[in-house]
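Chains as they are written, first to last, in our numbering: chain X, 7 to 215; chain R, 7 to 215.
It should be emphasised that the hints constitute simulated quantities derived from the structure, not laboratory data.
Misleading hints may appear alongside valid ones.
One copy or two, either will do: identical chains are not told apart, so a pair holds if it fits within one copy or between any two.
[What the hints assert, rightly or not] Straight-line C-alpha distance at most 20 angstroms; calculated DMTMM-like pairs for lysine to aspartate or glutamate:
no., residue 1, residue 2
1, Lys191, Asp87
2, Lys188, Glu33
3, Lys191, Glu46
4, Lys11, Asp36
5, Lys191, Asp108
6, Lys35, Glu173
7, Lys191, Glu173
There are 2 protein chains.
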Amino acid sequence: MSDFKIPGITVYRLALYARALERFLAEGKDLISSEELARECGVNSAQLRKDLSYFGQFGVRGVGYSVPALLKHIKRILGTDREWPMVLAGVGHLGMALLNYDLLAQRGFRFVAAFDVDEKKIGRVINDVYVYALEQFGWVVKEHPVKIGVIATPASAAQEVADLFIEHGIKGILNFAPVRIKHPKNVVVEHSDLTILFDKVAFYTRRLD
Amino acid sequence: MSDFKIPGITVYRLALYARALERFLAEGKDLISSEELARECGVNSAQLRKDLSYFGQFGVRGVGYSVPALLKHIKRILGTDREWPMVLAGVGHLGMALLNYDLLAQRGFRFVAAFDVDEKKIGRVINDVYVYALEQFGWVVKEHPVKIGVIATPASAAQEVADLFIEHGIKGILNFAPVRIKHPKNVVVEHSDLTILFDKVAFYTRRLD
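Produce the complete structure using the sequences and hints provided.
Shown next as structure tokens:
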């Protein structure tokens, strides 16, 4: 199967597996069964085995998976075994939260520059990241090999920012603004929707009554 | 199947379907095929039909789904056809972003009070939500029928806040702090991990090279 055809939901599950394996590793666990890993991720174990089989055979029947080896394998599949230099557009509350979210840099997702249109924000340094004027975008990204652009602007500015990202060769965009971004096929845009998390809590909470 | 046994990943997909249906509805679309809805959600259509079949028969072969009827059906399953009064602990950058995220209230997730330990934040009103001192928690929640508690504190404070929520009868918790929360079985805790979104972008972006 061509990697690009892998459905988004499968990639999401791979990321869930990686997070769970990191926790098991931190607890000093060396081996894990597919049942145990699946349960930790809220997935059934047949699904987990099928997901991993997309990317070649892994694990030994009756023995389980080596936690560090499987984690390394999944990180290589995800492409999170390397550094991903990023830029941020929009230094509002969410932008500030992202710049201060040290777990991102620990996982190789490192902001190299931030942009805003607000004079009061331009020139500030947030967690070692400089905030530039949006109009400086062109020459700032010339200095940095940026791979991912993150949009945390109001909805009204998101498309314009995405167009600017794309014009300057950024191929991967994560959009937190509540609006769908139009983009050419050779650019990846992930739309983040935090409200989905609230739906999940609602679903399970209602069933406790 | 007992609803409570529905795996987290299925609930996640249901929420994705609801979001896509909302977009189709906004575009004035009345009918949709399972293939079209599945594609919009990055899921395969057999999976979509299976998910919906958990909750009874729906749709007419060869005709597709009625967009408004299916949306209503899924919202009833998710429990998002009602109001979910919430409290927030932690009015930092992420907390501020959540309080200002109007899409949440539009979907019935309404903050009725926020809490912090920082004197400079206590007494402020953010998007109509009052910020109380954390020690006032007990009497504030007595006045409000709170269903969900949201944690946006630093990791070091998250467990203490969760314990306080649970002690006061909150059964649904959404935790944005990067730490696992210990909790009794009759309480639901969803851990949010924003880094998973970045993994997805990395996966697809790498494949464009």
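Results of checking the hints against the structure:
Taking the closest pair of Cα atoms, Lys191 and Asp87 never come within 20 angstroms of each other, the shortest separation being 25 angstroms inside a single copy and 35 angstroms across copies. In this assembly of identical chains, the alpha carbons of Lys188 and Glu33 lie at most 20 angstroms apart only when taken from different copies (15 angstroms versus 43 angstroms within one copy). Taking the shortest alpha-carbon separations for Lys191 and Glu46, only the inter-copy value of 15 angstroms comes in at or below 20 angstroms, while the best intra-copy value is 35 angstroms. Proximity of Lys11 to Asp36 under the C-alpha cut-off of 20 angstroms is found in neither arrangement, the shortest distances being 32 angstroms within a copy and 28 angstroms between copies.
In this assembly of identical chains, the alpha carbons of Lys191 and Asp108 never lie at most 20 angstroms apart, being 31 angstroms within a copy and 31 angstroms across copies at closest. In the homo-oligomer, the alpha carbons of Lys35 and Glu173 never lie at most 20 angstroms apart, since the shortest distance is 46 angstroms inside one protomer and 32 angstroms across protomers. Within a single copy, Lys191 and Glu173 get their C-alpha atoms as close as 14 angstroms, which meets the 20 angstroms cut-off; across copies the closest is 51 angstroms, which misses it.
Going through the hint list in order, the structure does not satisfy hints 1, 4, 5, 6.
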